[in-house]
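Student: As they're listed, the protein sequences go chains A and B. FYI, this note's numbering numbers position 115 of the first sequence as 133, with every residue one higher than the one before it. FYI, this note's numbering numbers position 544 of the second sequence as 851, with every residue one higher than the one before it.
Just so you know, these hints were derived from the structure itself, not from any lab. It is possible that part of the hints are untrue.
Pair ranges (Cβ atoms, derived) [to be verified]: (1) 98/A <-> 839/B: 49 to 59 Å; (2) 97/A <-> 385/B: 41 to 51 Å; (3) 507/B <-> 29/A: 46 to 56 Å; (4) 839/B <-> 134/A: 22 to 32 Å.
Backbone N, C-alpha and C define an ideal beta-carbon position, used for all residues, glycine too.
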Amino acid sequence: MKLTLRVNGADHEVDVPRRATLLAVLRDDLGLVATRFGCGSGQCGACYVLADGAAVASCLMTVDQAVDHDIVTVEGLSQDGKLSPVQDAFARESAMQCGYCTSGMLISATALLGHTPSPSEDEIREALAPNLCRCGVYGRAIRAVQRAAGAT
Amino acid sequence: MIDGTRLEGRIRVERDGSVTVLSGKVEFGQGIRTGFAQIVADEMDVPIERVKVILADTAQTPPDRGTFGSHSTEQEGPTLRRAGAFARRQLIERASSKLGVAADRLRTEQGVVRDGDGASVAYADLVTDAPLSGAIPDDVPLLPRERWRYMGKPRPALEAVDIVSGCARYAADVRLPGMLRGAVVRPPVRGAKVRAVDDAAAKAMPGVVAVIRDGDLVGVVAEREEQARAAADAVDVDWSVPATAEGETIVLPLREDEGVDAALASGAKKVERTYVCPPIANAPIGPSAAVADVRADGATIYGSTHRPFGLREAAAKRVGLPPEKVRFVLTLGSGTYGRSSSFDAPMEAVILSKNVGRPVLLQWSRAEEFQWSPSRPEAVLEASVALDASGGIAAWRYDEHTNIHTSSGFDPSYGGESTGRNAVPPYRVPHAHVTLYVEPTPLRTANFRSLAASENVFAIESLMDELAHESGQDPVAFRVRHLDDARLRRVLERLAERAGWGKPRGERRGLGVACTEYHGTKVAEAAEVEVSPSGVVRVLRMWAVVDPGSVVNPDGVRNQIEGGMQQSASWAVFESLRHRGPRVLTSSWDTYRIATFRDAPLSIDVEVAGDPSAPSSGVGEPGAVPAAAAVANAVFAACGARVRELPLTPERVRAAIAAR
């Protein structure tokens, strides 16, 4: 079916199976591959995107649900080629190892700072708790969000 | 075949003056790309921003046995240093002819050769006629430490900006023209044979290009991923399930001193203990994935594996091409911690692509990743130790019962280094018997971070704690009195200071320590835990002091050690892979709990105390090795509960409290 999705500030027309997930359409139809598949059941956070500013699992949202929302992926966080404060802070803190889960963390952190500009450490932990990381960079990621909060 | 002993196989100066470094090693987030760039930028005297590192592209990089054992910096670092220094020397020689100035009057400065009088020539202008080349000499002088600009200083990962900006590409992100998506039909158990395939329903489904049966692999290739999965579910396969082979136990003595029985019998105090580690999952966040493009005249595989050249050989054999016609190109990889030593997903992609003659991307589902990938085997560690009248270790018998830890089969000549890794303690023990029993298992088991070292060190370091307490000695002092290795002693003593050993921690809180040597790296770790009245263990803080010899990137070292400790604390407190015979029952994160942001310690303090006079040794695995014992010892310190079986579940902790 033909649909128009609003992603990263632009309208995109896609022709996809009706029950395709937003994740599949982002990755396979729009080429926005920084949103990653991790589990397909909303349990790991690797596929998080912003939907009207809230972090949601794009593997659970179907594309026809997504048409009602303003979607932002990691590719849309930078403005005019400049990293967002959250992206910049994660890079500066080296808050990553393999980086596979990083996109999802950036989305959760951006959503958090959108409604809570100066979060406590506990609020950061709660907001990022759905984002699993196997390499073990949780401590660095918390510092990165604190750094970004200081910069915004 | 690229020759890694020659300069042209290691370093290219490009026409724009940038430098390309070549290595057959693989990056999964250990930071070796950054470390290699630091090394070459320094030795060649070029800005690090101009250095690009190409890893594991079989068409461009020298062959390599594989990326494991935390050996990358140790093995590649010295070669790359000499290559960089040799390149710089050649550039000076060329500049000498070009400028007509004696070489000893020339110096380099960030990509330019200069004399004292204002004449200069850029590196790029010295390679226009011929690339740098030649056998890398063993004795080329290296840059003295005081002139290091990049080495020894913290540096963010070279990939960091690509990763945060969304430009990084992992295997499943590769997009090729005409690429299709694959999905595999899984049998009821591993090793099942195909009797018959009914693919009529699947073939009629939207987007399906082919249903493939190749030997005992059945899969679907479709235009879209969800179509391939749906069709794979609709394929009806009649499987014949093989009888499970029993297999034999391999017994391998790792140390056999004389007089152990007598010494055990005559000791002043004898302690016998058994420790148990469950099977656990590598559990990468990104399920295994690969893209294969197999044509009649050649093949390319994109992905991530610990053994790129081994994968190329295996794929070539499978599709009937000479190895030089098969190219493996490394993408970024989800951290897999050993799991991708097995070639399963890439080989499946190769077979699917071969059958359709088009590129195929295959990414496993989360359930496939848990149920079909190899896991770390279980281990039962049995120890009998005798102490003499002064409380010193007099005799030591240690039996490691486990299953194979490597995807490449069990090689007895390497058994003590692989499935028996770290079974021999680092302590001075006058009479010791250490024996490895490699037992058969229906479970598919293979490489996971540090192989058996994590299990053995959990047992040995728990045991050292118990021996100290049983004989009324301080656990740190007890270890120190049995350590001959001055560097290991130093990191342990430094750790005790740093973590405030001996300081009261408050109610239901305790501090535990553990230490080890792992492939040359000395590491001591401490954990402070709080144990709730119901037995829930919360890791509050962790400390490490690590000596990996000469350090290339201190922040890279810290990141690896922190991550290893965090991962190992997760193993210790939460993880156990459920299986019944060959069938893994765990299929999702719902039933395989790992540590989350909520569980992360309040702090992980890592002191990098590398001995600059010692060669670099690895840090990818060592951080994960002693942490479980440090946590278990802290639980004992907190509440007197000695838990000898992982994970440290509330039930086990409550039972151990009751058994005090």
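Student: Is 22 to 32 Å a correct range for the gap between the Cβ atoms of residue 839/B and residue 134/A?
Tutor: Given range 22 to 32 Å: holds, Cβ gap about 29 Å.
Student: For the range 46 to 56 Å, tell me whether the beta carbons of residue 507/B and residue 29/A fit it or not.
Tutor: 41 Å, violated
Student: Quick check: does the Cβ-Cβ distance between residue 97/A and residue 385/B fall within 41 to 51 Å?
Tutor: 44 Å, holds
Student: Looking only at beta-carbon atoms, does the pair residue 98/A, residue 839/B fall within the given range of 49 to 59 Å?
Tutor: Distance hint for residue 98/A, residue 839/B holds at roughly 50 Å.
Checked against the numbered hints listed earlier, the structure breaks hint 3 alone; every other hint is satisfied.
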